[in-house]
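> The two chains are supplied separately, each in an independent frame; assemble them into the complex guided by the hints.
Protein chains in written order, with the working numbering: chain A, 681 to 915; chain B, 9 to 458.
Misleading hints may appear alongside valid ones.
Claimed, not checked - Each computed EDC-like pair below joins lysine to aspartate or glutamate, with the alpha-carbon atoms no more than 20 Å apart:
(1) A:741 with A:692
(2) B:399 with A:715
(3) B:399 with A:716
It is worth saying that the hints were derived from the structure and are not from the lab.
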Amino acid sequence: MEHRWGMVIDEDRCTGCEACVAACHAENNIATVGDDQAARGRAMHWIRVERYYEGNFPDVKVKFRPVPCQECSDAPCEPVCPTYASYHNPEGLNAQIYNRCIGTRYCGNACPYLVRFFNFLNPVWDKPLNLQFNPDVSVRSVGIMEKCTFCIQRIKTAEIKAQAEKRPLKEGEFNPACVQSCPTEAMVFGDLNDPKSKVSRLSRSDRSTTLLPELGTHPKVTYLKRDTWDNGKNA
Amino acid sequence: MEKTPEQINQDLLRPLYHASWRFYLTLVILGSLVAAAFFAWGYQIYNGIGVSGLDRPVFWAFYITDFVFWIGISHAGTLISAILRVSNATWRRPVTRCAEAITVFALSIGAMFPLVHLGRPWLFFWLIPYPSERGIWPQFRSPLLWDFFAINTYLIGSVTFLLLPSFPDFALIRDRASGWRKKVYGIASLGWRGTPKQWHRLEMAMRIMAVAIIPVAVSVHTIVSWDFAMAPVPGWHSTIFGPYFVAGAIFSGIAALIIAMALLRKLLHLEEYLQPIHFENLGKLLLVMSLLWFYFVFAERLTTWYGNFPSEMAVFWVTQSGRFSKLFWTMVFCNFIIPAPILAIKNLRAKIGWTVVASIPIVVGMWLERFLIIVPALSHKYLPYTYGTYKPTWVEITITVGTFAGMGLLFLLFSRVFPIISIWELKLGGQKKPEAAPALASQEVAAEQP
Numbered sequence: 681m682e683h684r685w686g687m688v689i690d691e692d693r694c695t696g697c698e699a700c701v702a703a704c705h706a707e708n709n710i711a712t713v714g715d716d717q718a719a720r721g722r723a724m725h726w727i728r729v730e731r732y733y734e735g736n737f738p739d740v741k742v743k744f745r746p747v748p749c750q751e752c753s754d755a756p757c758e759p760v761c762p763t764y765a766s767y768h769n770p771e772g773l774n775a776q777i778y779n780r781c782i783g784t785r786y787c788g789n790a791c792p793y794l795v796r797f798f799n800f801l802n803p804v805w806d807k808p809l810n811l812q813f814n815p816d817v818s819v820r821s822v823g824i825m826e827k828c829t830f831c832i833q834r835i836k837t838a839e840i841k842a843q844a845e846k847r848p849l850k851e852g853e854f855n856p857a858c859v860q861s862c863p864t865e866a867m868v869f870g871d872l873n874d875p876k877s878k879v880s881r882l883s884r885s886d887r888s889t890t891l892l893p894e895l896g897t898h899p900k901v902t903y904l905k906r907d908t909w910d911n912g913k914n915a
Numbered sequence: 009m010e011k012t013p014e015q016i017n018q019d020l021l022r023p024l025y026h027a028s029w030r031f032y033l034t035l036v037i038l039g040s041l042v043a044a045a046f047f048a049w050g051y052q053i054y055n056g057i058g059v060s061g062l063d064r065p066v067f068w069a070f071y072i073t074d075f076v077f078w079i080g081i082s083h084a085g086t087l088i089s090a091i092l093r094v095s096n097a098t099w100r101r102p103v104t105r106c107a108e109a110i111t112v113f114a115l116s117i118g119a120m121f122p123l124v125h126l127g128r129p130w131l132f133f134w135l136i137p138y139p140s141e142r143g144i145w146p147q148f149r150s151p152l153l154w155d156f157f158a159i160n161t162y163l164i165g166s167v168t169f170l171l172l173p174s175f176p177d178f179a180l181i182r183d184r185a186s187g188w189r190k191k192v193y194g195i196a197s198l199g200w201r202g203t204p205k206q207w208h209r210l211e212m213a214m215r216i217m218a219v220a221i222i223p224v225a226v227s228v229h230t231i232v233s234w235d236f237a238m239a240p241v242p243g244w245h246s247t248i249f250g251p252y253f254v255a256g257a258i259f260s261g262i263a264a265l266i267i268a269m270a271l272l273r274k275l276l277h278l279e280e281y282l283q284p285i286h287f288e289n290l291g292k293l294l295l296v297m298s299l300l301w302f303y304f305v306f307a308e309r310l311t312t313w314y315g316n317f318p319s320e321m322a323v324f325w326v327t328q329s330g331r332f333s334k335l336f337w338t339m340v341f342c343n344f345i346i347p348a349p350i351l352a353i354k355n356l357r358a359k360i361g362w363t364v365v366a367s368i369p370i371v372v373g374m375w376l377e378r379f380l381i382i383v384p385a386l387s388h389k390y391l392p393y394t395y396g397t398y399k400p401t402w403v404e405i406t407i408t409v410g411t412f413a414g415m416g417l418l419f420l421l422f423s424r425v426f427p428i429i430s431i432w433e434l435k436l437g438g439q440k441k442p443e444a445a446p447a448l449a450s451q452e453v454a455a456e457q458p
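Bound-form chain B, shown alone (with noise of 0.2 Å):
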């Protein structure tokens, strides 16, 4: 049944205007976590970052984790949504918005953590270039700095990349509400008329920002690798680190995007809007990150294997099978063992569900393979007198327990406040059935048969 424009715009901006108890609920359950993470932080800087379970010479472990992890789930949106938008994929509509959305959400998270692990987090800004009366500038060599430039960039853009389509679906509400909606959504959305020469700049606009994002996400990563990557530590110092991040990053991502989605779709009744084919469509996307991050993964272990440099052994084995070897085979389990094959079979992958369970594990497990890049490494550098251990204590546990609550919050209330999905990109669209991502040659050359 084919859905008339104003039953569109009824569907989805209802979740502007009600909201059920258990919304009310889930904000507070959701609140009260974040806020016993923020109470964790404030007992850390109150005490020193000692409370944590950091140690020398594990000096990064849950924060930084963290910090690669939220930057990597970052990676599901704005870059994917480019990459649809660049290639045109007419599937892609009803998924940009929440794409982006996760993007914005997972950055604003991870770019909190470099100031959680400082010893002194009151002087952050000394990582900003300001003239100060001193003279003294940063460091320019140091990866953090990049870092810091990097994350700010990316945070820019798809800021940026979130809100420029957003603006005629702002107007819609505009024009449909009275009060202080009006007002309010009168100011978001800039002034938007729907004139030609507004769609013709707003449109330009997008495919500059498609283009440029897309780099700008691959050097974040890469550059987060190179925290590590820069630094002579056994297990570290390798080459593979930029693109082996940036894979994993794209992988992490669109987990979580189906995860959002799948929730999204339940709690907000979106069921006609968010088809089996899109999971189905990402579930393809999945199944090839999943297949390319084993590949890394073996690519890296067979070499640092082959190279017997003694000091990198002591990371290797102590993964392979010491202490961490429980968490590694873990981590491979959620990566690759559970999802590539629940993806490979078209008849599981066109099924949300199963996306849905190939696509858990694999947060678990890159979380895990953060954790596994830096504790282990850290714990044994070269000298085995100097080697070391690492537990966390209840602070950092609250800390990240709270991002993912804080995930959840930031989610809950984007979706009170914006469409969820982009109205007008959608009507765009017409209401032609959404393709499947072409597997086969059979199917294009089928699909352009009359």
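This is chain A alone, in the form it adopts within the complex (with noise of 0.2 Å):
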């Protein structure tokens, strides 16, 4: 059976302890860009917390979203891009080719959400970073856009390694590393072509909705959440 990669996120289970930011980091050879640059809107985050803000000083709740990229069924960044760097990929992940990619920047102006990163200049690690590559992603240079995988390259080592054991891949086999550093477990991750895995039941529940849904990019991504932001008083 064809795997549909998906993810579920309790935005009631977050505390914004931001160890998934931390995490992708590390997993993903992401480039810190210094405070300069950060300063100029050129930090990059595949997975960010997201704040708001609810009532007025001091009776003020503070609400969380972890925002990875949507993995939207109908990506409106895939269409845009000219050279097929942006592509929709069998398990339908929108993936990036990054030695494809020439830098038009099209899919980060179409996409909704946000979570395509460009690198404006050539990436640096801060020491003693430089020190912890993960050698199973490749580093990008400038002129090229980033986003988030579903950590892919976790993805093929679990199915490779099922294929030459020659057994079906085991529910929670592997996560993403922003899944699997989550405290909370505010982050669930699985297929959601398995109708009883964890994702897609949690996907299927009373509390589930997704990000900008009136877009029609059916997103991969799943929040769920007790009622409206502001428990209907403005509905």
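Right, here's the structure in full:
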């Protein structure tokens, strides 16, 4: 059976600790652009934790929303790329072929979630981060768009191993770095084509929603949260 | 006083033979500005596009503004000259060559910008559908690829449109010249002898080209607008963009044409050929386009406001009263409030100086319009958490200034190589006084009466 990888993120469980952000940086060789570049809006975090504030001081509630690539089924970023660098892979992931990218940045404009990141300058890693590259992930150079891959290197490793051992992939055999590092288990990863998997069951929960559903992008990342953001007060 | 054909030859070929020190001085100034722009581009290629002010989420800004602006200016020419040819407007004769040249140069400059803005410009050839050994083709669904084809088609078409009616003039120079000029123009005139058969073929070709180039010109700027309209970005995803961009392109194109003609008239002493009536007729066209532009902006703004989508309203308010509002209202002043009254008043429109006064703000305003379409929308996409901002650096500014200098430079060199007014067409039109484009039925009736 073909896999259709998906993720469920429980906003009611997220504490905004940003462990997922740090894990993602370490796993995927994401450059640290430095404070100067970050101040100009060029920071790269394949997953980010958005903070939204409710109420007035001192009675303020903070809501956290981790946002990785939504892995849209109808992705706006894909048809606009003139060189097929941004394409839909057979498992339904929005893959980015770094070698093929010429840097028109059109995909970044088309993406409504702004989860695509551009290497404006040649990437640098602050010491000692330059000593801990993940050998399974290619390092991107200047002029290239990059994005969350659902840790495709882990997916491929697990698939190849299962194939070699002539057995189907087991659920939970591997997880993307962000899911693995989440202390509150707010994130769940798995195969949406398997109706019994945890991610499938959770995505059908009555708390489930997607980000900007009105755009018709059909994301494979589902968010769980109680009611609406303001508990329906402004409805 | 009527001019003999020989006088026309002498007047119009003079710039090819004589240049004053002012010409060389201008050449040096414009040349160094262009050199500075190329230096900035080289600096950007060497260090990465990060030396510009681009950021996330404003992935496109100055370069794409320049791209759309110059492609827009290019509509001056071929389109206007084609429409005037097809409608047989006799007053067009001294105007067409200049207009067609603007098209070729503006298009060449505009077509550079997709390369300037690439993250890895050395791989631009991946946009070309060539049979690669790995069987990879470009993505034909991408509007950028449509752009690639549309612009190349238009470039080839407008170069043909410029060269076709130049052959008789090249032959004229060849017949009068000696030395290297005879050789060069001999090759350039492609063996033009002026036989009836050749004239017949030239007329036939021009008639076909004039009709064929109109849909090409319209499609080019429509496709440029689709670069934006096809992406689900608030403020971009609109059906009005195609006609809006085409109208804006013709608008800025005519303004550029008036400025260029006024400069040439002064610098090359063509006062007797480019008369106030030509400027007045172009001014009428410009007035129509200014009104049309205002109508499009109004229609676009009003539907956005009534629709009241939250994401679109964020972009709406930031341009209307937010941080981009100063630029927005400057644009409205430049494109409508200043030029429309000037061009609507007959006494002002009839004076060359005033048509130029109306045209200069339009060029500025249309550049701003493209900037205001791109940057406010990109910096205010759906999720408020991702809102951003943009500030250009010296790199983009130098390159942008360099393109204006480049336009001047190309035009200057052009006027030294081509007769800037089509000599044979001018002679063909005879020495009849050029007529005003009919504005009133009474004028037409009056003209018909003996």
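> Now tell me if each hint is right for this structure.
The hints, checked one at a time:
1. A:741 with A:692: Holds - the C-alpha atoms of residue 692 of chain A and residue 741 of chain A are around 12 Å apart, at most 20 Å.
2. B:399 with A:715: Holds, because 17 Å separates the two Cα atoms, which is no more than 20 Å.
3. B:399 with A:716: Since the Cα atoms of residue 399 of chain B and residue 716 of chain A sit roughly 14 Å apart, the hinted pair holds (cutoff 20 Å).
Going through the hint list in order, the structure satisfies each hint without exception.
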